[in-house]
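*Asks:* First to last, the protein sequences are chains A and B.
Its first residue numbered 1, the first sequence is counted upward by one per residue in my numbering.
Its first residue numbered 1001, the second sequence is counted upward by one per residue in my numbering.
You may find that some hints are simply not true.
Below, a list of computed lysine-lysine pairs in the DSS-like style, where the Cα atoms sit at most 27 Å apart [as the list claims (entries may be wrong)]:
id: 1; chain 1: A; residue 1: K61; chain 2: B; residue 2: K1125
id: 2; chain 1: A; residue 1: K17; chain 2: B; residue 2: K1306
id: 3; chain 1: B; residue 1: K1306; chain 2: A; residue 2: K54
id: 4; chain 1: B; residue 1: K1016; chain 2: B; residue 2: K1125
id: 5; chain 1: B; residue 1: K1103; chain 2: B; residue 2: K1016
id: 6; chain 1: A; residue 1: K54; chain 2: B; residue 2: K1229
id: 7; chain 1: A; residue 1: K53; chain 2: B; residue 2: K1125
Worth flagging that the hints you see were computed from the coordinates, not collected in a lab.
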Amino acid sequence: MENPEYSSGEGITAGLKIVSYAVNNKGEYELRPDFVWQPVNVVNHQAWLEIDKKITQSRKKVAAGRVSCLHYYMTANQMDTGLLAQYTGQPRWKVFLHLVPLIFNRLSANTLKKYAELYKIAPDDLIKGRLLPPLYNHE
Amino acid sequence: MNSLEEYSLLPDFSHKQSAHCESGVAANLLTHQGLDISEAMAFGIGGGLFFGYLPFIRINGLPLITYRAAAGHILRQIASIPGVSMYQKKFRNRDEAMAELDKALMASIPVGLQTGVFWLPYFPKALRFHFNAHNLVVYGKEGDEYLISDPVFPQPVRCKADDLVRARFASGALAPKGKMYYLTQVPEMLESRQLIIRGIHSVCKMMLSSPFPLIGVKGIRFLSNRLVKWPQRLGRERADLHLGHVVRMQEEIGTGGGGFRFMYAAFLQESAEIMQAPLLYDCASSFTAAGDTWREFAAMAARICKDRARPDDSYPAMAECINRCAAMEETVFAELKQWAKQHS
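Make a model of the complete structure from these sequences and hints.
*Replies:* This is how it looks when you write it as structure tokens:
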């Protein structure tokens, strides 16, 4: 087993110091701190690029008025209609309809509150169509 | 100790960082009860190693591939050790779930929870995917914050009640449904020898003699057959995404790229000493070799995903690499199976 080079901790763990199993020079396994294996950074980066791409597409669609701002929040938080439906306790087809701007604009305060609570935003943000950063980017 | 405030002054839990969440939680909980056990050992006797390619379960629209046993398997195995009993409960109601957690904490019981990673604010942003099978231990509460021993973190962390409840009730694949567990009874000593044999036996059974073609060594070969066809079936871009996903599953935190093969090798080394069986030490080396081959595949995959493919990097070459892994693992599992049979 070749031990990969130590990296500066950038990448997948974003500063989190993890431990991994690796053999020492006697051939015995030990838990070694802080070794980041390069390929995983590559694929992790790839996954995020894909998410970012989807978010950008969604922003464009929202701006063009083809979907409601709920579509942006759903995409930015890595959800699809199925997952969003589970989180809000509604059938999937309802969530699907709520992505249509015309229908979204007529949603009841209660339904809006459900979405706002899930994404930790104010119902007003949804009504005004403000596109705030996703949950994991709040800080 | 009557009130929560009083209790929160002395939460005492020996947090030990580990490479993988479930085995880490199992080891930490047992160690807390005075049974000193390493993470690799917990992983081994819990029969944590596995392979499964399950394309009908989707994670972010990509097929589920797992290099370890299903979430909860290690803990179930640990709970079934003679003399150990574990209390386990899932909930429908959020308030009830949190109340029961608080009640256990009041009684100074560290509680294991299954959670969704996406909702845990202390996780680095880059790891916050909708992945619902993360395990952690809550060992105290201070005000509105829970004190958490998350095994993949170097230090204990804190999490607000509101965030924790979201994490406990994450939806989607492998939804935790508020699952909590704690040990209620442990024996004075663990019968390591028997447990090691049992653990090895169960892993061999899964990897070699599963009737289901998608798991075990058969599953590895199945994946390799599928992988060759991805570029034609899905198009280049989607194929690369699928490939990246395989590698991401292979390198869950701390496995060093070997899809848990290195951790299993560490377990076999430790067992070799306990059992006085040099054969296990040799098997450990074979697993290191298998892990290295998995790594070789992952490195090639990463180059392809990054568009920096070398001349001999290709989907067929990767499939060949995976087939080599399958062959290596088949041999070493056969050896282990033989050994376990002799000793049981």
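*Asks:* The structure should be examined with respect to each hint, and the outcome stated for every one.
*Replies:* We went through each hint and held it up to the structure:
1. K61(A) - K1125(B): Holds, at about 25 Å.
2. K17(A) - K1306(B): Given pair K17(A), K1306(B) holds - Cα atoms ~25 Å apart, limit 27 Å.
3. K1306(B) - K54(A): holds, 19 Å
4. K1016(B) - K1125(B): Distance of about 23 Å is within 27 Å: holds.
5. K1103(B) - K1016(B): holds, 24 Å
6. K54(A) - K1229(B): holds, 26 Å
7. K53(A) - K1125(B): This hinted pair holds, its Cα atoms lying about 17 Å apart.
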